[in-house]
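K.L.:
If you count by mature numbering (1 follows the signal peptide of the UniProt record, and there is no 0), then the sequence shown holds residues -24 to -1, 1 to 436, one letter each, in order.
Keep in mind that the hints were calculated from the coordinates and are not lab data.
Be careful, since some hints might not be right.
Label-pair ranges, simulated between beta-carbon atoms [unchecked claim]: (1) Gln416 <-> Ala330: 41 to 51 Å; (2) Val398 <-> Phe42: 20 to 30 Å; (3) Ser12 <-> Phe252: 52 to 62 Å; (4) Pro54 <-> Asn410: 18 to 28 Å; (5) Thr372 <-> Ile404: 31 to 41 Å.
Just so it is clear, the structure is predicted and the values come from calculations on it, not from any experiment.
Here a beta-carbon is modelled for each residue, glycine too, at the ideal position from N, C-alpha and C.
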Amino acid sequence: MKKISTKLGLTVLTFVLLTDNFQAADWLMLQGTEKSFVKKDGKVVKNTRTTPVIWGFIQVNYKRDFGDVLDTGVNKTPFSLLIPDLKRQSGVNLGRGRLGLRGMIDEDNKINYFTLVAIENSGITNLLNTRATTSEALVDASVTLKHIPYAKLRIGQFKTPGSEEGLRATFASPYIEFTSFTNGELMERQTNVVGSAQTGNPAGGASTIHYQGDPYTSVGAFRDKGVQVFDTVALPFAANYKLTYAYMYGNGSNLKMYTPSGQGTHYGYLALEKEFGKGKGFYTESLKTFLWGQTGNRKIVTADAGVQTNKRKRYGIGMTYYKDGLRVTSELMGAEGMIYTGAKDSDPTVDVEAWQVQHAVGVENKSVGGYFNVQYELVPKKFEIFGRYDQYNRLTNDASAERIFKTLTLGASYRFKGATRVDFNYAIRDAFANGNPGAQTVVDNIGNRFMVQFTGYFSN
């Protein structure tokens, strides 16, 4: 029996290694590789196109926030102001303007490339009106080598293996803003020069240590520079099942060209997906479960303790389901170590803002969050209604510093063609500081938010 099992195992392994790769419907493959086969004149043929694909999209939105803004200097409430510069409560904005170039260098489809530039008013190009502000930014620039079976190698700057919300193409989602946990813990902000340690203030707590300073780069946008080994394989012993894996080592720089040494970060991802046989890309009908993790260091230069190295861990588990127009997505996520605690006004003058970013440091810090999303297409791939509940418990290790953010987002979307569409969102928001009455008076000013956004997508 043991010999039979061993022989069967070797047969399965050989099959996996020799079976030709297929284009998976997961984001790691869609963003990192070109299709092995395409349709031409009604037939499925090998993809030999070496002409670059020029593509891109714009997202123009209008937002109106109904929260209150405290007009008392450093106690201003940033969660009632609109990103990226936290200056107003309503207005029209070019949230995203992206232009990309992707394709394959050779007809054998062994070398793929992916580039994307952002020309927009977002946290990538204009973070809090600081020196990180720019007019454009290189978001993606990578090359994928496909010479080793089931071990594709991607090198450069690109999205890291992680949360479904971060990996997913932005133009595919009907939600105009990210969930609270994703915005706070995964959309990383970095600062390398900070002031003295702060404890016991309304923004912190009795024991949690915070440092505050100017951001020296844009938001991380779920990206890093490094090397990634990844692939998706069909499981021969389970029909219509596939396994996706990825490991990446990045330098912890996000979109910054230079980063201090010692910020190396490990990223891991594993997913099992059962396909139901219909659709492709975002519309692949399937059930997927996945888990991911990230761990690394972040360095800051403090006014009172010199150079300080802080641990940063992020991890999560989740699932996605899509069939017959019903889409369900859910994730449970956690964070440890260096925790982002928001934008803070450093100028006590009323009507003058000097926004900085603040982090709680220390390995004892913990946060947890997650979301549950349901979408349903009343008219297939045309008219959709949706709802998402998300919750973010920040600094659960310190009762006085803990903040709980709860958001219910309801909306509807109409697609003109493909990803070109208009989305309507209404976010019902609330926040709690149960262990800090003084902080509760501040977070009580949070309000609901109405948003509408037009997405225009193009590709040659």
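K.L.:
Does each hint fit the structure? Answer for all of them.
P.N.:
Going through the hints against the structure:
1. Gln416 <-> Ala330: 41 to 51 Å: The hinted range 41 to 51 Å is violated for Gln416 and Ala330, with Cβ atoms some 25 Å apart.
2. Val398 <-> Phe42: 20 to 30 Å: Holds, at about 22 Å.
3. Ser12 <-> Phe252: 52 to 62 Å: violated (21 Å)
4. Pro54 <-> Asn410: 18 to 28 Å: Check passed, 21 Å falls within 18 to 28 Å.
5. Thr372 <-> Ile404: 31 to 41 Å: Given a distance of about 23 Å, which is not inside 31 to 41 Å, the answer is violated.
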